[in-house]
Structures are given as C-alpha cells and as structure tokens.
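Q: Below are the chains, spelled out letter by letter.
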Amino acid sequence: MKHNHEFRDPIHVFVTLDSDERRVVDARPFQRLRHVHQLAASYLVFPGATHRRFEHSMGVMHLAGEVFDVVMHPNNRHQLIRPEMPGDHQLGYWRRVVRLAALCHDIGHLPFSHAAEHDLLPPGWNHERLTFDLINSREMRDIFQTSVPPVNPDHVAKIAIGPKKLSEFAPDVTFTVWETLLSEIIVGDAFGVDRIDYLLRDAYHAGVVYGRFDHHRLLQTLRILPRSDQEAGSSEPWLGIEAGGLEAAEAMSLARYFMYKQVYFHHVRRAYDIHLKDFLKDWLEGHFPTNTEDHLRYTDNEVMAALLAAARDPKMLGHVHAKRFVERQHFKRLYERNPADQKINRAAVDQIYDSLVAEFGADSVRRDSYPPRAAALDFPVLRADSSIESSINLSETLQKIPSAAFDLILCDRAILANATSFLKANREKIITPVKEVAS
Amino acid sequence: MSAPHQTSIVLYVMKALKANGSWCGETHVQKTLFMCQELFGVRSDFKFILYKHGPYSFQLSEHLQGLIADDLIHVRSRPPYGPSLELSEDVSALYRAVASDLNLSRKLDFIAAKLGRKGVADLERLATAVYVNEKHSTHLPVERRASLLISLKPHVSSESARSAFLEVEQIARESQRVAA
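Chains R and E supply the protein sequences, listed in that same order. Here my numbering is used: the first residue of the first sequence is 1, the next is one more, and so on. Here my numbering is used: the first residue of the second sequence is 440, the next is one more, and so on.
Check before you lean on any hint, since a few could be wrong.
Stated by the list, open to error - Calculated pairs, EDC-like style, for lysine to aspartate or glutamate (alpha carbon to alpha carbon, straight line, at most 16 Å):
(1) E:Lys486 x R:Asp172
(2) R:Lys165 x R:Asp133
(3) R:Lys343 x E:Asp509
(4) E:Lys491 x R:Glu179
(5) E:Lys553 x E:Glu613
(6) E:Lys491 x R:Asp354
(7) R:Lys332 x R:Asp368
(8) R:Lys343 x E:Glu613
(9) R:Lys429 x R:Asp368
(10) R:Lys400 x E:Asp510
(11) E:Lys574 x R:Asp133
(12) R:Lys343 x R:Glu359
(13) E:Lys491 x R:Glu84
(14) E:Lys491 x R:Asp378
As the list claims (entries may be wrong) - Stretch-level coverage of chain E by chain R, calculated; a stretch enters the list once three of its residues show a Cβ under 8 Å from a Cβ in chain R:
(15) 470 to 480
(16) 497 to 505
(17) 560 to 572
(18) 590 to 599
Simulated from the structure, these hints should not be mistaken for laboratory data. Glycine residues also receive a C-beta, built at the ideal position from the N, C-alpha and C atoms.
Okay, chain E solo, but in the shape it has when bound (with noise of 0.2 Å):
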C-alpha cells in the first residue's frame, strides 16, 4: 500500500473520530485502525502487536510523527488528559478518495462512531479483547478469555475484562451488518 494511501485513511479515521465527539488522542486512531482490519479486514498494511494498551502498532506511530512534522496534523494540549491529535486546515483534499469510497469510508466510520468518545481504559480493554478473540478463539468461555486478557494487562479488573468482551461481541454482530 503506498504512503500517500496510508495517509489518507489515517486522516479520514481522524476526521470521524472527531465527527463523533472523540478527544482524539493517538490511542483512539490506533485502536480505531486495529479495530476496522480486525472486524472488516480493512487494510492499512500497518502492523499491530501488544504493546502499550493492548494492540499497538509501532509504523502507525511513526506515520502520525511524520505526519505532525509535515504540519498535517497537531499535537494539541489537554489537560488534564492526554494530548489531543488535530487535523491541519486543508487536508481534506488528501482524504479525499477514502471519503468518496463509501464501501470503506462506512466501515470507518462505524468503528469511529463506536470507539470516539471511550477513554484509554476502555479502549484498552476492548482491543486487547479483539486481540485475544483473534489469538485465542470466540469459542472459549468468557470467563477463560477474561482471565487471558488479565495475564496480558493485569491492571484490567475481572469486571471490565469480562464486560469487553461482551461489548466486543455486540460491535462484531453490529459490523456484519455494516459490511453486508
């Protein structure tokens, strides 16, 4: 997939997210991108391990870097949250051809609309449950997937792990219908 492709979905999650009320920090368009290739197989070609709050991926991060140093997006100030991710006037044209595609631009915007207004918490506990459906399998007990969702952030509560996955499961069923 080609930079400049890359950019254009970034930018266009970054658009609905803030469509959808989100702070839109860096967690939200990791999680949001992770989300969209996991639940519709959208491409980005960026890859995600376990890393910081759950699915992680180190080129998305340095494609948000470049895109700061090239005035495209800014990094704005929060307090007492975490920084905010700002989109520069103009780049419109550049997510142009994602916006027009509506089979993918409706994807997008699902996830967005689902994930925009989570703090990092929740958007941790419910990607790193994506990740162990996708690791494990769905057909394992609840009880046996919270418990590896623990081993892996040990700072999620039973509670919030168990409740992620079946949050997780309510967007996946809702997505079927997105992608049909």
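Isolated chain R, as found in the complex (with noise of 0.2 Å):
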C-alpha cells in the first residue's frame, strides 16, 4: 500500500502527501477549491492567472512542513524558549496539525475567493468562519480523529483561522503562546507561508516577477526567538530570523509591495470584481448561504453558468452587470486618490465620488478602496553575536517600504467623456480646504 503521494507543482516541484493527508485533499471541501479562482476574475487581465485554491492550498502546507522542520530542529532551538516547547514526543502531532491546518486553511473561500465575499455574507462572516465550520463538521471531524496520530479538529481550526480572525466570530477562544506561534507559521504577517506561497504562485501564473524572492533562504533561516534578549524586554517567543535571512525578508517585503500595486490592485481587475459583485447581489437576491453543506454547492463554474446565461437574457436578475463582465465592457478609471489633492482634503476622494454621483447617478459610478497600512514589519533577529534585535533597527528598507493602497473612482464607460470634462472643470470648486475635525 502506498503511503506518501506525491503530486507536481510549478512553485515547489513536488509536494508530498501521506496517506491521512491524501484523506483530506480528496474529501469534497478539498476538492471544491479545485473550482475557485485564486485571484478572481484577474484571468481577465493576466491570462495566465488561471490557478486555483485548490494548488495554492497543497503549496502552503508543504511550506508549512518544511517551516516547522527548519524552526523546531535541536539546532536551532534558542536557549531562551526551549522551556516553552513542547516535549520532542510531542512534536509529530503538532507537525501534523500544522500541515493539516495549512492544507485546509482557505476551504470556507467564496466562489471567485475575495472578491465576492465583501457584501455577500450575513453580517458577522467571513470565509474564516466558514472554514471553521467546515473544519468542525462531520466530515472532515472523522478525518482528523481517525488520522494517525488523531487529531484535534479544534487545533486545526485554532491554527488554520489564526487569532486575529477567529477573535472576530469566538471572541472567547484563546491560543496558547505555542498555538499563537504555530499559526504565525501559516498566516503570520512576517513570515506567514499563506503569504510566501500566494507571493510566488500569483507572480508565476500572472506572467510577472514581481512576487519573485529568495524564498529558499528565508526559509532555511527562520527561527522560533524570543522577542528580545533585553533585561527590560519580554521573552515571550516570536517568529524570526537568522541575520543571513534579513536580505530575503526585505525581499519578501519589496515583492508584496509590487504584487499589490502591479497585480492586485489592478485597476481593471477591480472594475470586474465591482461588476461581479454587482452581479451576485441581484443573481443571489441576497447573500451567499452559510449552511456548510449549501457553501459546497457555490463555486466559480455555477456562478460562471449563471452570468453567462444572464449576460444573454435582459430578464434575467443581474443581466446589466453580467453583460458588463462578459462582453467586456467594465467601468474606467476615472479618478484615484493622489497626493495633491489629499493636502488640500483628506477627504477628496470622497468630495470628488459625491459630487460624480450627484451629477452623473449611483448606477455610472463606483468606488473601490483599500486602506493605507504601514509595511514595516517588526520581528526579532538572531545576530552572528547571538545578540538579538529588531528587524526595524537593522533594516533601513523594512523601515521605508511604502504602504500598498489605493482610492479608485470608476465610471461607466458611456459617460467617461463627460465625466472627464466635469472634474477638468470643477476639481478646484469640488475640493475644499477642511480643517482637520477631531471629533
């Protein structure tokens, strides 16, 4: 009987699965992401960018695996947090449940993954708790408890979702300082292989190099430190690096900086999420269902069937935006949020969006946003003294690396021409110097 499985992949060449693993990836949630765009509607901008949850999924665990491996090797085990590990005997479980939390992390995804999944929830939900759920019901329960060793769904859940999410929908589940380590090794904002693997995958299947670094050397100098070796400091444990591994985290950095502004944040790639989510607004009349078993139903083929169908047919519920989408015709960009006009108003953007739709009507314009967040990352390294520092202390480029945002107004393409002329001939009438308001 065979035992591990292997399967080929572009990013790592081969990702191997043992036989409990293999249970999970052919179990129907699994399989499901086989029909779930990893970037959306992006194929609609890089052609290439065709991939699926489905691989991105076996890629992160594998890099999991291979974290876990580097991090908890008798070598490279700082003195300081040994006594916070858990006993060798121990460590084949956890390695488990981190691959099978890795593996099952991204299974609640939304057909068309994010960008359907703002609006089209109930309040109080997310693709994590759909994961959640989906991780504790019965299906995949019965796998993890007859895996060898068994496993806790609830560790798998714990270390998949991450505290930060789970906090939003469990408010009263707590991470140990080694459950909260263990999932910074899957969706941690430093070192997080959700992110290394999405990085390199995106960047191969979209045609570009952007999201290309040393991910090799990053890898194999990842260290379980603690945060400081400081008399004042805590030592409470962190995610961090080697010194040789700081080139390859400024790497890493500078890539998602790019991705973001090169990929992601494409604009016509926006401009179809918009029509998308537009569509399933009308086509669901409603929101996507939450029932674990109805969410397996939904995935990028049936929403595809039916915009295509409603694109055909003007009765049809959503057919204006699916037409849209099918034939091409997305919104423009019209105005993005730039430095000049945000020192006269932090709020241009919006005086401009109110004053496009009050000349122009809500159904010719939209605007698409992502907020402005610092990328500085903050983690400690391990100094060929042993001494160990912040990464912001020795790093000037994780100190400068700018934040990846935009503020987009779009506008249907029939009034581009108009609408053009509009803002040439009122943008100073349109943004006024506003004091800044404290409360």
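Combine both chains into one complex, guided by the hints.
A: As structure tokens, then:
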C-alpha cells in the first residue's frame, strides 16, 4: 500500500502527502477548491492567472511542514525559548496539525475568492468563519479523528485561522503561546507561508516577476526567538530570523508591495470585481448561504454559468452587470487618490465621489479602496554575536517600504468623456480645504 | 465611535506617554489603552484579545499602521531596544478634542504616567494581570491568579506574576481617586 503521494507543482516541484493528508485532499470541501480561482477574475487582465485555491493550499501545506522542520530542529532552538516548547514526543503531533491546518486554511472561500466576499455574506460572517465550520463538520472531523495519531479538529481550526480572525466570531477562544506561534507559521504578517506561497504562485501564473524572492534562503533562516534579550524586554517567543536571512525578508516585503501595486490592485481587475459583486447581489437576491452543505454547492463554475446566461437574457436578474463582465464593457478608471489633492483635504476622494454621483447618478459611478497601512515589519533578528535585535533597527529597507493602498473611482464608459470634462472644470471647486476635525 | 475620534485618543495617549518619559513603543500604546478601558471604562472601540505580550488589539495595530502611512506618526529605530513611535509635527489639532475633555484626559494621563517608563516585560505582566482579573475574579487568591497568568505566559516568573497583581491592585486603588 502506498503511503506517500506526490503531486507535481510548478512552484515547489513536488508536494508530498501521506495517506491521512491525502484523505483530506480527497474530501469534498478540499476538492471544491479545484473550482475556485485564486485571483478571482484577474485572468481577464493576466490571462495566465487561472490557478485555483486547490494548488495554493497544497503549496501552503508543503511550506508549513518545511518551516516547522527548520524552526524545531534541535540545532535551531534558542535556549531562552526551549522551556516554552512542547516535549519532543509531542512534536510529531503538532507537525501534523500544522500541515493539516495549512491544507484547510482556505476551504471556506466563496466563489471567486475575495472578490465576492465583502457584502455577500450576512453580518458577522467571512470566509474564515466558513472555514471554521467546515473543519468542524462531521465529514472533516471524522478524517481528523481517525488519522494516525488522531488530531483534535479544534487545534486544526485554531492554527488554520489564527487569533486575529478567530476572535471576530469566537471571542472566547484563547490561544496558548505555542498555538499562537504555530498559527504565525501559516497566517503571520511577517513570514506566514500563506503569503509566501501566494506571492510566488500568483507571480508565476500572472507572468510577472515582482512576486519572486529567495524563499529558500528565507525559510532556512527562520527561527523561534525571544522577542528581546534585553533585561527590560519580554522573552515571549516570536517567529523571527537569523541575520543572514534579512535580505530575503526585505525582498519578500518588496515583492508584496509590488504585487499589490501591479496585480492585486490593477484597476481593470478591480472593475471586474465590482461588476461580479453587483451581479451576485442581484442573482443571489441577498447573500451566499452559510450552511456548510449549501456552501459546498457554490463554486466559480455555478456562478460563471449563471453569469453567461444572464448576460444573454435581459430578463434575468443581474443582466446589466453580467453583460458588462462578459462583453468586457467594464467601468473605466476616472480618478485616483493622489498626494496633491490629499494635501488640500484628506477627504478629497469623498468629495469627488459625492459630486460625481450627484451629477451622473449612482448607477454610473463606483468606488473601490484599500486603506493605507504601514508595511514595516517588526520581528526579532538573531545576530552573529548571538544578540537579538528588532528588524526595524537593522534594516533601513524595511523601514522605508511604502504602504500599498488605493482609492479609486470608476465610471461607466458611456459617461467617461463627460465625467472627465466635469472633473477638469470643477476639481478646484469640489476639493475644498477643510480643517481637521478631531471629534 | 468615529475614526477621527479614535485617532484623537491614540495620538493623545502617545503625547501623554512621551510627556512621561516613555520611549513609546507600540506595546506602550496598546497596554495603556487597554488599561484605560479596563480601569476607567474609557471607550475607544478597540477590541482586545490575548495575543502578543498580553491583551492586544489588532484593530489598534491597524489604526497605528494607517497613521504611519498617513505620516501622522513615524517609526524610529532605537537600538538596541524595539522601535519607538513618534508624533509628527502639527498633529496637536487632531487630539485637541481629547485634550480639552479634562475628565477623559486626566484618566489617560494617569495610566500613561503609570506605564510610560515601563519596559515591555513589565507592560506584559501588568496588562495580563488585568486581563486575568477581568476574566476570572479579583476575589481569587493572588497565588491562584499568578498561576493563571503563568499558564497564559509561561515565560513570566512566579515572583513577577505575583507582584504584577499587587501592583495592579495599587494602580486600581489610585485610579478610583482619579475617576472620582
């Protein structure tokens, strides 16, 4: 009987699973990911970006196992954090939990991934909550509890989702320091393998080089380190890095910045997301179901079939939006947040948007945004002299990476010329200086 | 609560920490706002959960990132310690509303004075002690509460855990006078 199962993968060459992990891959919630695009409708802009959550999830599992092996290697364990680690006899169990959690971390995604999530679930719901429910479904619990050794599904759910998202719908669940560390391996801002895999994979399929970095070097230098070795500092363990991997960490942060600017925030991709969401609101007449069985029935395929049918038939719900999507009559970029206007008023985009809606009507104008967030990552770095220092102190590059953000107004191409002229003639009147109001 | 009012509270807390000689790392801002919320009921609408160095708000962390991205605050390297947060020039107008609300500002000032000069290890054990008191009960013996704290933060020593509860009780007693 075969115990190891190898899958070819364009990023990691081979992804190897054992028979218990293979049972998870063969289960319905995981197989459904074969039909959910990783980058929603980005393939309409980057034709190669047709990859699915299925292979991404396998890649995340592969990397999670690799990171676990590196940071838990006896030679790599820092003496200050050894007491906080579980005994060696428990490591095999936790390695399995981490790999299963990585495998399952995306199983709650809606059709077309993030594009459809916002506004299309009831209040209090997101894909992480669906993931949590699916991991705890009878079908998945049976697999976890009959694996060797048996795995507690609660551990898988916690590590897959992490404290930040889990606290949004399960506020009473607490994480031990060890569980927090393991979830950082998957969903952490600094070195989460979810991020490592999606940057490499999305760049590969989109045909851009921006997402590439020396991830082999990065992974080999990851360490669990006390946050500080100063007397006043805390020795709480964090995921950090040996100094030799700092350039790889810098490259990863830059890769993330460029991928957001070039791929994830591409204005045409955002336009298609908006049309898709508008269509789904009409087609669903509400929101996606949150019951796990009903959730499993919806993939990109069902949505695309409905979208194509609606585009052909003016009587069908969502026809206008479907037609825009299918016939590539997407809205066009009209205005973007920019430093000059921000200096006059930080609410300049609000002012422009409101005036365009008043002039041309809400149906012809759309707004999409992602708030600015600082990109500097603070993590412990183990130096050659065995001291530990903050990454911010050691890397000017990490200090200076700009935030990736956008605030975009798009309009129906039928009004584009008039709207452009309107803005040109009225911009100075619309954007009025207003003093900051504190409350 | 509106985002501008949250900004106002966060910037005022940073100003108060600086005024008390703090190097004002993110942990100072996090734990000061948490203690203000728990001891005085100051509303900032940041939700805290147990995470890095004790009670922690991801929403507050993202709010700080937004302020950095908008050039309202800056991250300054401070070797060999962790990075410091600095207010940009001309942000005083943004926290004027809090500064002029004496009932609110004196509570923020009080906690900032208590925590401003603490190191991260002290901030961690004190804030986690407040968390344990809130989750369980101040009626439990200190020894029992210290064990609960250590179960959450195994790197904190028994002596540090016990003294954290005593110090928190002292701060709570003084805070009643400030609130009165």
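Q: Count the residues of the segment 470 to 480 of chain E whose CB lies closer than 8 Å to any CB of chain R, then report whether that count reaches three.
A: violated (count 0)
Q: Are Lys400 of chain R and Asp510 of chain E close enough, with their CA atoms no more than 16 Å apart?
A: holds, 12 Å
Q: Decide if the proposed pair is consistent with the structure: Lys491 of chain E and Glu84 of chain R, CA atoms, cutoff 16 Å inclusive.
A: Cα-Cα ~14 Å, so holds.
Q: With the threshold set at 16 Å, check whether the alpha-carbon distance from Lys491 of chain E to Asp378 of chain R stays at or below it.
A: Holds - the C-alpha atoms of Asp378 of chain R and Lys491 of chain E are around 12 Å apart, at most 16 Å.
Q: Given the hint that Lys343 of chain R pairs with Asp509 of chain E, test it: the Cα-Cα distance must not exceed 16 Å.
A: The hint holds at about 11 Å.
Q: Quickly compare the C-alpha distance for Lys429 of chain R and Asp368 of chain R to 16 Å and report which way the hint goes.
A: At roughly 23 Å apart (the allowed maximum being 16 Å), Asp368 of chain R and Lys429 of chain R break the hint.
Q: With a cut-off of 16 Å on the C-alpha distance, tell me whether Lys165 of chain R and Asp133 of chain R pass.
A: holds, 14 Å
Q: When you check the alpha-carbon spacing of Lys491 of chain E and Glu179 of chain R, does it fall within 16 Å?
A: holds, 12 Å
Q: For the segment 560 to 572 of chain E, count the residues whose Cβ lies under 8 Å from any Cβ of chain R; is that count three or more?
A: holds (count 3)
Q: Compare the distance between the alpha carbons of Lys491 of chain E and Asp354 of chain R with 16 Å, and conclude whether the hinted pair is satisfied.
A: violated, 41 Å
Q: In terms of beta carbon proximity below 8 Å, does the segment 497 to 505 of chain E have 3 or more residues touching chain R?
A: As far as the segment 497 to 505 of chain E goes, the hint holds, because 5 residues have Cβ atoms under 8 Å from chain R.
Q: Holds or violated: are the alpha carbons of Lys553 of chain E and Glu613 of chain E at most 16 Å from each other?
A: holds, 10 Å
Of the numbered hints given earlier, the model fails hints 6, 8, 9, 11, 12 and 15; all others are met.
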